[in-house]
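Novice: Throw the hints in and build the complete structure from the sequences for me.
As they're listed, the protein sequences go chains A and B. The opening position of the first sequence corresponds to residue 1 in the numbering used here, with each subsequent residue numbered one higher. The opening position of the second sequence corresponds to residue 320 in the numbering used here, with each subsequent residue numbered one higher.
Calculated from the structure, these hints are not laboratory results. One should not assume that every hint holds.
[To be verified] Each pair of labels, with its calculated beta carbon distance range: (1) A:Met281 - B:Ala444: 53 to 61 angstroms; (2) B:Leu462 - A:Gln3: 56 to 64 angstroms; (3) B:Arg407 - A:Glu207: 57 to 65 angstroms; (4) B:Leu409 - A:Leu42: 44 to 52 angstroms; (5) A:Leu277 - B:Asn420: 32 to 40 angstroms; (6) A:Phe96 - B:Arg412: 53 to 61 angstroms; (7) A:Pro142 - B:Asn420: 27 to 35 angstroms; (8) B:Leu418 - A:Asp255: 32 to 40 angstroms; (9) A:Asp55 - B:Asn420: 45 to 53 angstroms; (10) B:Asn420 - A:His53: 45 to 53 angstroms.
[Unchecked claim] Covered stretches of chain B, as calculated for chain A (at least 3 residues, CB under 8 angstroms): (11) 327-333; (12) 336-342; (13) 418-425; (14) 428-441.
All C-beta atoms, glycine included, are put in the ideal place defined by N, C-alpha and C.
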Amino acid sequence: MAQTILYNLFQLLFVLGFAPLYAGVMSKLKENVQSKRGPSVLQPYRDLWKLFHKDEVVSSEATWIFRAAPYLVFVVPLFVTSLIPVLTDYPLAFAFMGDMLAGGFFLALGGFFAALAAVDTGNPYGPMGASRTRMVGFLVEPVFMIVFFTVSFVAQSTIPYIVQQKWVASPTAFFSPAHILLLIAFLMLILAEGGRIPVDNPTGHFELAMIDESKGLEYSGRGAALMKWGGQMKFLVLTCIFLNVLLAPWGLATDLQFGHILLAIPSILLKIFLFTLNLVMIETSLAKLRLFRISEFLGAAFIISVAAMIASIFSSGVV
Amino acid sequence: MVNARAELIYGLNALAAGLVLLAAFGMVTTRQMQGVLRFLIVQSLFVAALAFLIGFNRGSIDLLALGCIMIASKVITIPWVLRRMLPRDLYERREIDQLVNIPSSLLLALLLAIAAEFLVGPLVAAFPDPVVHANLPIGMAGLLIGAYSLIARRDLRRWFKER
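Specialist: Next up, the structure:
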């Protein structure tokens, strides 16, 4: 028991430590694909270091929400991390504290407070971005729900550790239309939630076009660092759910030996790297959608997820 | 061993069927003529793949021939003919006129897919074959969605009327 709790904390350290690297590798690769040199992969660490050592400026209009939001945004992905398989194949100590729905709600909580904080300061660009994030948010949430329900139809459970073992049981389950449609819907969700290119431009610094970035506009110093780090961790956590639960639950540690858990780290980083390559291809080959096309993009994700649900209900012979 | 192979083929069959349905949804969402044509080609390729898979599994020459005809007609000939015959401006325009906007069309397409599952339900129940189970509802859905987009694309109807 004590060992599994320790491993759970170790997972937290993994997510904390590698989230900036993930962001760094992604931006470096993206620049390389566009034949630019790009910043070092360690740049996000340096940014965080720099921000943590700077003074913080807070608007005199701001309330406690503005001060509390960065901590929430930072902590919420860590909560979710303790519920999902990041390094191990078997449930760890906190795995049964909540299911995938709980994870989704936790992430939504962080997003909610970040949006409130953006409205809090009275900066005109903040509320604009916040309302856009909410628009993306409420279009994303039904898709999340349907994806989780479809998963629970197939796996009879919404605990990620159990779901992950059901998908790869047989090639029939892996190649079933429900699974493939679900993967596509979830990938579209990751793009929308992470503020990646068809929905939002993560490198854009033009206030009028921002969606996700605008939440952190008013933060400086430690607050900005926590918001940044939290956002990177959220993206890593979503990637881990996609890869370890839905797409490719291979290469995880299968027993309690600490050596095997250490060995799982490079294999997971390799999986994430391959995924990043695909993500970079998507990002460089697509243009950012116009704001009102986003509802179509997420509408398509919704339709695909519902189609996955129909396919899983009908092909399993429930009806 | 034989069982594992059959299972893999059923899996791949279901995968291709799912992608056929996805391509049908893709056709409903795209606005550009070029994009619709590309989705048609991709979809036909998957249908041909289905025919080859089942034909290979059952040792049926007819199905293999059907796959070849599918590639010759829907992947090569029909896109080529369409590209030559349709007026250029239809290709150059960024958006084709539609009667119903895209999100509503998507919802309609979804309803059609559900309806297809129900329509072929009794038929499917009569066959224990997993291939029928996976493919028949999706084929029916593809047919209904195709008929729907034929109605909803305004430009094409206008063009046909002028002929």
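Novice: The structure should be examined with respect to each hint, and the outcome stated for every one.
Specialist: Now for the hints, and whether the structure bears them out:
Restraint check, Met281 of chain A to Ala444 of chain B: a C-beta distance of roughly 43 angstroms breaks the suggested window 53 to 61 angstroms. Judged by the Cβ atoms, the range 56 to 64 angstroms given for Leu462 of chain B and Gln3 of chain A holds: they are separated by roughly 57 angstroms. In this structure the supplied range 57 to 65 angstroms is violated for Arg407 of chain B paired with Glu207 of chain A, their Cβ-Cβ distance being about 40 angstroms. One distance hint, 44 to 52 angstroms for the beta-carbon pair Leu409 of chain B and Leu42 of chain A, holds here, with the actual separation near 51 angstroms.
Distance hint check: the CB atoms of Leu277 of chain A and Asn420 of chain B are about 35 angstroms apart, consistent with the given range 32 to 40 angstroms. Separation of Phe96 of chain A from Arg412 of chain B is about 55 angstroms and conforms to the stated range, judged on CB atoms against 53 to 61 angstroms. Taken as a hint, the range 27 to 35 angstroms is violated for the pair Pro142 of chain A and Asn420 of chain B, whose Cβ atoms sit roughly 19 angstroms apart. Between Leu418 of chain B and Asp255 of chain A the CB atoms are about 60 angstroms apart, so this pair departs from the stated range of 32 to 40 angstroms.
For Asp55 of chain A and Asn420 of chain B, the Cβ-Cβ distance of about 50 angstroms falls inside the hinted range of 45 to 53 angstroms, so the restraint holds. At about 51 angstroms, the CB distance of Asn420 of chain B to His53 of chain A agrees with the hint of 45 to 53 angstroms. Counting residues of the segment 327-333 of chain B whose C-beta sits closer than 8 angstroms to any C-beta of chain A gives 5, which meets the bar of three, so the coverage hint holds. For a cut-off of 8 angstroms, the count of residues in the segment 336-342 of chain B with a CB near a CB of chain A stands at 5, and the three-residue condition holds.
Counting residues of the segment 418-425 of chain B whose CB lies closer than 8 angstroms to any CB of chain A gives 3, which reaches the minimum of 3, so the coverage claim holds. For the segment 428-441 of chain B, the proposed coverage by chain A is satisfied: 6 residues have a C-beta within less than 8 angstroms of a C-beta in that chain, meeting the threshold of three.
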